[in-house]
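J.: Here is what each chain is made of, one letter per residue.
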Amino acid sequence: MVNYQERLDRTFMALVDPTRRAILAQLERGDGASISELAKPFTIRLPAVMKHLDVLADAGLVTRSKSGRTVTVRLRPQPMREAMEWLRRYERFWSSNLDRLAAYAESKEAAARRKSR
Amino acid sequence: MTSLTLVRRIKARPQVVFDALTTAEGIAQWWGPDAGPVLVAEADPRVGGRYRVRFRMLDATEHESSGEFLEIVRPERVVMTWRWKGGVEDPGESRVEITLKAVSGGTELTFIHSQLHDEETRRGHEEGWTGALDKLEAHLAAVTAA
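Chains as they are written, first to last, in the numbering used here: chain A, 2 to 118; chain B, 201 to 346.
These aren't lab readings, by the way, just hints derived from the structure by calculation.
Mixed in with the good hints there might be a few duds.
Here are some of the chain A residues that sit facing chain B, going by a computed Cβ distance under 7 Å [what the hints assert, rightly or not]: (1) V50; (2) S66; (3) E83; (4) Y91; (5) F94; (6) W95; (7) S97; (8) A103; (9) Y105; (10) A106; (11) E107.
Per label pair, the in silico range of CB-to-CB distance [to be verified]: (12) B:M257 with A:E86: 40 to 46 Å; (13) A:D55 with B:W284: 27 to 33 Å; (14) B:R209 with A:P48: 51 to 57 Å; (15) B:D259 with A:P48: 48 to 54 Å.
Computed list of lysine-lysine pairs in DSSO-like fashion (alpha-carbon distance at most 30 Å, straight line) [stated by the list, open to error]: (16) B:K301 with A:K116; (17) B:K301 with B:K211; (18) B:K301 with A:K109; (19) A:K109 with B:K211; (20) A:K52 with A:K41.
Cβ coordinates follow ideal geometry from the N, Cα and C atoms, glycine included.
Can you make the complete structure from the sequences, with help from the hints?
T.: Below, the structure is given as C-alpha cells:
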C-alpha cells in the first residue's frame, strides 16, 4: 500500500506540469474523453500524451478503461481533495497562530502605552 | 511551488510585532494554534541563528518545528527555514517569510509559507503553483456542485 506522503508526492508532482494540468482541465468538462480527443489541443505527439497520462494514472488522478479499440480516460478527483486538505491544514494552523500573535502583540502595545502615560 | 499567503492587520507597532515573532520570550507567549502551552521556545534572531519551538495542543499532541533565520531586518522582515520534527505531516524543509509594514493604527503583516511539499518537484518545473491550485479549487467546486 502506498502511504499518505507518497500519495501526496505523486499528486503534487503530477500537478506541477502544465500539460498535465491542461489534460485534467479538459477532463473536468465532460464525462471522460478518448486519448485522441485529449491530444487534439496540444502540439505534442500522441506518445507524449500517453506518457503524461501514465503519470496522472500513477497518481490516481485519472482512470483508463478500454472498450474495443477506444480507451476512455476519466478524472478521479480524490487525490486532489487530499492535496487540498493537506494545504488547508497548514492554512488553519497559521491562521490561528497569527491570530494569537496579533492578540499578544496588541496586549504588549496597550501595556507599553499605559506605561508611557 | 506550493505556497500559502496570509495577511493580518495588527493594532501594534511593527517593532512590537517583530519582537513577538523573533524573541524566545515573545514566542513563548503566543505560539501554537490553540490555547495549549508552549513547552520550548528558543530563538537566536540573527542571520544564521536558529530557532526551535515545541508546543502541546489541547488534544494533548505535541509538535515541534525548527529552522534557521535567513534574513532579519528589524522591524520589517524576517525569513526563516521551517521543518517539522518527526515530519509526519510534511517531511521537507520549507520557507517562512514575514513582512511588517507600518500602517495607520499599527502594522500590516504579510505571511508567506512557501516551498511546501517541494523537495521532489523543485527539480522539475519552475511553473507557478498558484495556477494549479486555482484549478484545483475550481475543479473541486465543480465536483461538489455536480
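J.: Does each hint hold? Answer for all of them.
T.: How the hints compare with the structure:
The criterion of a C-beta within 7 Å of any C-beta in chain B is not met by A:V50, whose closest approach is roughly 17 Å, and the hint is violated. This hint is violated: A:S66 has a C-beta 19 Å from the nearest C-beta of chain B, more than the 7 Å allowed. The beta carbon of A:E83 comes no nearer than 11 Å to any beta carbon in chain B, farther than 7 Å, and the hint placing it at the interface is violated. For A:Y91, the interface hint holds, since its Cβ comes within 7 Å of a Cβ in chain B; the closest pair sits about 6 Å apart.
With a cut of 7 Å, the hint placing A:F94 at the interface with chain B holds, because the nearest CB-to-CB distance is about 5 Å. Interface hint status for A:W95: upheld, as the beta-carbon distance to the closest one in chain B is roughly 6 Å, under 7 Å. For A:S97, the interface hint holds, the least distance from its beta-carbon to any beta-carbon of chain B being 4 Å, beneath 7 Å. Look at A:A103: its Cβ gets to within about 4 Å of chain B, closer than 7 Å, so that hint holds up.
The criterion of a C-beta within 7 Å of any C-beta in chain B is met by A:Y105, whose closest approach is roughly 4 Å, and the hint holds. The criterion of a C-beta within 7 Å of any C-beta in chain B is met by A:A106, whose closest approach is roughly 4 Å, and the hint holds. Given hint, A:E107 at the interface with chain B, holds; its Cβ is 5 Å from that chain's nearest Cβ, closer than 7 Å. Evaluation of the 40 to 46 Å hint for B:M257 and A:E86 yields a failure: the beta carbon distance comes to about 18 Å.
Taken as a hint, the range 27 to 33 Å holds for the pair A:D55 and B:W284, whose Cβ atoms sit roughly 32 Å apart. At roughly 53 Å, the beta-carbon separation of B:R209 and A:P48 lies within the given 51 to 57 Å, and the hint holds. For B:D259 and A:P48, the hinted distance range of 48 to 54 Å is satisfied, since their beta carbons lie about 50 Å from each other. Between B:K301 and A:K116, the direct Cα distance comes to roughly 24 Å. Compliance with the 30 Å bound is thereby established for this hinted pair.
A C-alpha spacing of about 12 Å is found between B:K301 and B:K211, which places the hinted pair at or below 30 Å, so the restraint holds. Taking the CA atoms of B:K301 and A:K109, the gap is about 18 Å. The hint holds against a cut of 30 Å. At most 30 Å may separate the alpha-carbon atoms for a hinted pair to count; A:K109 and B:K211 meet this at roughly 10 Å. With a C-alpha separation of about 15 Å, the suggested pairing of A:K52 with A:K41 holds against the 30 Å cut-off.
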